[in-house]
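Undergrad: One-letter residues, chain by chain:
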Amino acid sequence: MSQLILLAVVNGLIVGAFYALMAIGLSLIMSLSDVINFAHGGFLAVGAYLAYSMTPYVGFWGGLLIAPVLTAGLGLLVEKVLISRVYGRDPLYSLLLTFGLAFIFEDVTRYIWGAQGLPYQVPGWLMSPLSLSLFFLTGYRVFMMALIMVVVGALFWLMTRTRLGLRIRAGTLDLETVSILGVNVRVLRNLNFGIGIYLAGLAGVLAAGQLGLQPTIGDSLIMPSFIAIIIGGLGSLTGTLLGGLMIGVASGLATVFVPSASEAVMYVMMAVVLLVRPQGLLGEEGRF
Amino acid sequence: MSFLEIDNVSKHFGSLVAVDGVSMKVEKGELRAVIGPNGAGKPTFFNLITGMLSLTKGRITLEGQDLAGVDPSQRVGLGMARTFQITEIFPDLTVRENIRIPVEIQAGLSMSPFMPKAMRAPISARVDELLEAGGLTRIANRLAGELSHGDQRATEIMMSIALKPRLLLLDEPTAGMGDDETYAVARLIRRIHKDQGLTIVLIEHDMRVVFNLADRITVLAEGRPLAEGTPQDITENATVQAAYLGGEA
Amino acid sequence: MENFDIRKQGPNLIVWALLLTLPLWINYVSYTQLGTQIVAMALGAMALNFLLGYTGVLSFGHAAYFGLGAYGAGMTIRYLMPSTGAGIIVGTLAGMLAAMLIGPLIVRLRGVYFAMVTIAFGQVFYFIAFRWNGVTGGDDGLTNWKRMPIDLGFTTLHIESQATTFYYFVLAVFAISVGIMAFLLRSPFGRTLIAIRENERRTRFLGINVNRHIWISWVISCTFMALAGSLNALLNNFVDPRAFFWRQSGVFVIMCVMGGMRSFWGPLVGAAIFIWLQDELSSMTANWQSFVGLVFVVVVLFFPRGVLGILRRKATE
Chain U
1063 MSQLILLAVV NGLIVGAFYA LMAIGLSLIM SLSDVINFAH GGFLAVGAYL
1113 AYSMTPYVGF WGGLLIAPVL TAGLGLLVEK VLISRVYGRD PLYSLLLTFG
1163 LAFIFEDVTR YIWGAQGLPY QVPGWLMSPL SLSLFFLTGY RVFMMALIMV
1213 VVGALFWLMT RTRLGLRIRA GTLDLETVSI LGVNVRVLRN LNFGIGIYLA
1263 GLAGVLAAGQ LGLQPTIGDS LIMPSFIAII IGGLGSLTGT LLGGLMIGVA
1313 SGLATVFVPS ASEAVMYVMM AVVLLVRPQG LLGEEGRF
Chain G
-12 MSFLEIDNVS KHFGSLVAVD GVSMKVEKGE LRAVIGPNGA GKPTFFNLIT
38 GMLSLTKGRI TLEGQDLAGV DPSQRVGLGM ARTFQITEIF PDLTVRENIR
88 IPVEIQAGLS MSPFMPKAMR APISARVDEL LEAGGLTRIA NRLAGELSHG
138 DQRATEIMMS IALKPRLLLL DEPTAGMGDD ETYAVARLIR RIHKDQGLTI
188 VLIEHDMRVV FNLADRITVL AEGRPLAEGT PQDITENATV QAAYLGGEA
Chain R
304 MENFDIRKQG PNLIVWALLL TLPLWINYVS YTQLGTQIVA MALGAMALNF
354 LLGYTGVLSF GHAAYFGLGA YGAGMTIRYL MPSTGAGIIV GTLAGMLAAM
404 LIGPLIVRLR GVYFAMVTIA FGQVFYFIAF RWNGVTGGDD GLTNWKRMPI
454 DLGFTTLHIE SQATTFYYFV LAVFAISVGI MAFLLRSPFG RTLIAIRENE
504 RRTRFLGINV NRHIWISWVI SCTFMALAGS LNALLNNFVD PRAFFWRQSG
554 VFVIMCVMGG MRSFWGPLVG AAIFIWLQDE LSSMTANWQS FVGLVFVVVV
604 LFFPRGVLGI LRRKATE
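Going down the list, the protein sequences come from chains U, G and R. Counting from 1063, one number per residue, gives the positions in the first sequence under this note's numbering. Counting from -12, one number per residue, gives the positions in the second sequence under this note's numbering. Counting from 304, one number per residue, gives the positions in the third sequence under this note's numbering.
Hints were generated in silico from the structure; no laboratory data involved. Quick caveat, the model's predicted, so the values are computed rather than measured. Where a beta carbon is used, it is the ideal one built from N, C-alpha and C, also for glycine. Check each hint, because a few of them may be wrong.
What the hints assert, rightly or not - With beta-carbon atoms standing in for the labels, derived distance ranges:
hint, chain 1, residue 1, chain 2, residue 2, range
1, G, Q61, U, V1320, 39 to 49 Å
2, U, P1191, R, A589, 38 to 48 Å
3, G, D115, R, M587, 50 to 60 Å
4, G, P103, R, S464, 45 to 55 Å
5, U, V1204, R, S586, 45 to 55 Å
6, G, G26, U, V1204, 49 to 59 Å
7, R, R545, U, M1211, 32 to 42 Å
8, G, Q61, R, A589, 19 to 29 Å
9, U, D1152, G, D(-6), 37 to 47 Å
10, R, S585, G, R125, 51 to 61 Å
11, G, S135, U, M1211, 57 to 67 Å
12, U, V1320, G, P100, 38 to 48 Å
13, U, I1242, G, R125, 38 to 48 Å
14, U, L1220, G, G216, 56 to 66 Å
Using the sequences plus the hints, can you model the full thing?
TA: As C-alpha cells, then:
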C-alpha cells in the first residue's frame, strides 16, 4: 500500500512538474501582457512534433536542445506579427485571438503529422527502471524531473539576477513607469513571450517521451495549468510552481483511491482556494 | 459635536507615514478646502475620509456615527458622495443617462426590473432639474466621453448631487483645466454650495479657487496639520507663508 | 411605447420579419434544421452578451451552462419523464442553480482572471459528463432519448416529426427570452448594469454593491444560456461532453464579437454567420477548423466592432 502511495506521489510530482512548466509560461505572459495564451497547448504540440521530426537527424538530445528553441522562435514571430497588435485593447480581443490560433495550431499539426498518435523514441538506457523495488521509477522520469528543476531554477535566476528578468518583473508591476524609464516595452513583451513559449516547447518534447505524440497533446495540459496559476496566485512564479506540483500530487493520489475523481480533485482545490484566498496562495492582495 | 469630525488620524504605508495625526472639524453647511504642497498627504487624507483607504490610527465620525469598517459604497448610503481627480463618468452614455442613473439609484430603483409608473414623471423632472442646475441642458444628448474637460467635471459633480448627499467630497475639481473651465467649475461649486447649503470638503491645487470658495482652509504639510482658519487667517499666517505660499509665489 | 419611431424600430422589424418567414426561404440557402440551430445558438450568444456586452464582464466559461441545459433536458426525458417541457424546465433550472452557487466564488474577480476562473469551472462539468459513464453516456454522449410532441390541450405540436413546427416552437421560446432580456436592459436595474460596464469605480461610488449586481447579471445570463442548451439538445436529440468544452465557450464569445457586442441583435447576426459558415466549411474541407480559427483572427484584427458595429458607424457618418 505504501508503495502504491509512493507511486502515486512520484507520478503526481512528474505530472505536476509538467503543469508547472506550462503554467509558469502562461503566467509570465499573462502578468506582463494581460493575455491568456490559449495557443500555449498548440505551441507545446509544435515543440513535441518538431523534436519528433528532427530526431532521425540530430538524435534525441539534439531534438531536446533544438526543438524548444525553434518553438520559442515561432512564438516570437507570432507575438510580433499578431498578438502585439491587440495590446492595449480590451483583453477580450487577445483571448479570442489566441483562441483562434489554438484552433489553427491543432489543425495544422494534424494536417502535417496526421491525426494518429505517433511513438517518440527515448534512448533505451533512459527507459529502464532504476531498481526492481521501485519499478515505476524509470531513468527517464528521474531525468525529466531533474531537467525541469534545472530549467525552473535557471528561470528563477533569470528573473531575479539578470537585467532582462528584473525588467520583466518590474513591468508586471507597473508597465508605465518601466516604459518611462526607457525600457522598450514592445521588445520586453516579445522576449517574455518567447521565454514562455520556450517552456511550453520544452514541456512538449518531454511529454512526448512520456505520453507519445497526438495533435491534442497540449489540450490535456492547459486546463490544469490554469488551475495551477489560480491556486498559486497570478504574478507569483513560486506560487505557480507550487500550485502545479500540488494539483499534480493531488490528482495522482486521487487516481489511486478514486480514479473517477482524478480531474475533479483539482477543481475542488481551486474552489476552496477561491473561497478562502481569492488572490491565490502566494498572490498579492488587491491585484485583482 | 461637529458635522464631520476627524480625530487624530494617521495612515502608515509600511514605514512611510503619509498622514500623521491630523484632526479637522467641519460644520454643517461649511465649504472646507484642504491644501498643502506636494507630498503633504492630501490624496491619502482624502481617501481616508471616503473609505478607499483604512485608518492606521484615529477616528472619523459623520454626525456622530463612527465610520470605522464602513466601506466606500456604504458611505455613499450614509450621504457621502465624491468626485475623482481624474473624472469618473460613463463615457459611452449621454449626459442625460449619466445623470439619470444616479437619480434612479437615489430613488432606490437600482434593483428594480421595471420602472414604476408613479416614478416616471418625478424621475424625469429631477433629471431635467439637475441638468439645468449644472448648466448641462444644452449638451444633454451628447455622449459624455466626447465633452470638454470642464463639462465632464460638471457632469460628474451633478451625478454626485443627484445622490442628494449630505457631504460632498471634491478631489482637485479643477485639475488640468484652463482658466475658463476653472472659472466655470468654481462657479458651479459655489452655486451648489450656496443654493443647497451643502457641506463640501475639497482638496485643490489652484489657490485662486481655494481662496475664493472656501469658508475655512486646512493646511497640511508632510502629512501633518500646519494651520487652519479663514482664507484671511491663512494668507496672514507666517508659518504657512514660509512653508508653502512663499515657496510658490 | 410613446411614439412609434420607424428609425428606431427598423432593425427590430427586419429581424422579426426574417425570423418569422425563415422556413419559407431558408431552403434556397440551407435547410430548416440549420435555421433552428441558428435561433437556439443565437439565444445562447444573446444570453452571454447580457453579461459580456451589457455588464462588461468577460466570461469564457458559458459552455458549462449551455451543457447543463442540454444534459438536464436529455437526462430528464430519458430517465424521469418523457416530456419536452419538463426537459427544458429542468435543464434551465440546473444551469441557473449552478450559476447561483458558482457566482459568489467568482464575482470578486475581474478581467482575464475572471475569464480564466470561469473556464476552469466550466471544465468541471465537462469531466463529470465525461467520467460519469453509466448515466451520461460518457464520451459517446447521451443517446436513446428524443424530443416529444407537446400537448397543448386544444392541439398537439408535433415538434418531433415536423421540422417547421419545431422551428416555430424554438422561435417562440427565443422571442419570450430575448423579450425578457430587452425589458430588463431598459429597466433601472439594466441601466445600473450598463453603468458597471461603463465605469465600475463610478458605479461603486454611486453606492452600488457592484459584486451583487454582477452576480445577478451572471445568473440571468447563465439561465438563458442553459435554456439555449436545452433547445439545442432537443434539436439534435443528442448531447455529448463537448457541449461543456471550453472551445464551445469561445465560440459563443466570437458570435457576440462578430455580430457586434454593443448591439442588441449583434450576437444573433454573429451566430447566423458563424453557424452558416461552419456548416459550409465542414462540408467543403476536412481542415475547416483552421478556417474557423482564421475567422477568429480576422474578426479580432480587422472587425473588432462586428458587423452591426460597422453598420452603425457607417450610418452615423
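Undergrad: It remains to establish, for every hint, whether it holds in the given structure.
TA: Now the hints, each set against the structure:
1. Between Q61(G) and V1320(U) the Cβ separation comes to about 45 Å, which falls inside the hinted range of 39 to 49 Å.
2. The given range of 38 to 48 Å is respected by P1191(U) and A589(R), whose C-beta atoms sit roughly 42 Å from each other.
3. Judged by the Cβ atoms, the range 50 to 60 Å given for D115(G) and M587(R) holds: they are separated by roughly 59 Å.
4. Separated by about 47 Å at the C-beta atoms, P103(G) and S464(R) satisfy the suggested range of 45 to 55 Å.
5. Roughly 50 Å separates the CB atoms of V1204(U) and S586(R), a value that falls within the hinted 45 to 55 Å.
6. Evaluation of the 49 to 59 Å hint for G26(G) and V1204(U) yields a pass: the beta carbon distance comes to about 58 Å.
7. Our hint of 32 to 42 Å for R545(R) and M1211(U) holds, since their Cβ atoms are close to 37 Å apart.
8. At about 59 Å, the beta-carbon gap between Q61(G) and A589(R) misses the expected band of 19 to 29 Å.
9. In this structure the hint that D1152(U) and D(-6)(G) lie 37 to 47 Å apart at CB holds, the actual value being about 44 Å.
10. With their beta carbons about 56 Å apart, S585(R) and R125(G) fall inside the hinted range of 51 to 61 Å.
11. A hinted range of 57 to 67 Å holds for the C-beta pair S135(G) and M1211(U), which are about 59 Å apart.
12. Distance hint for V1320(U) and P100(G): a CB-CB separation of about 44 Å, consistent with the stated range 38 to 48 Å.
13. In this structure the supplied range 38 to 48 Å holds for I1242(U) paired with R125(G), their Cβ-Cβ distance being about 40 Å.
14. Between L1220(U) and G216(G) the beta carbons are some 58 Å apart, a value that agrees with the proposed interval 56 to 66 Å.
Violation of the numbered hints given earlier is confined to hint 8; every other hint is satisfied by the structure.
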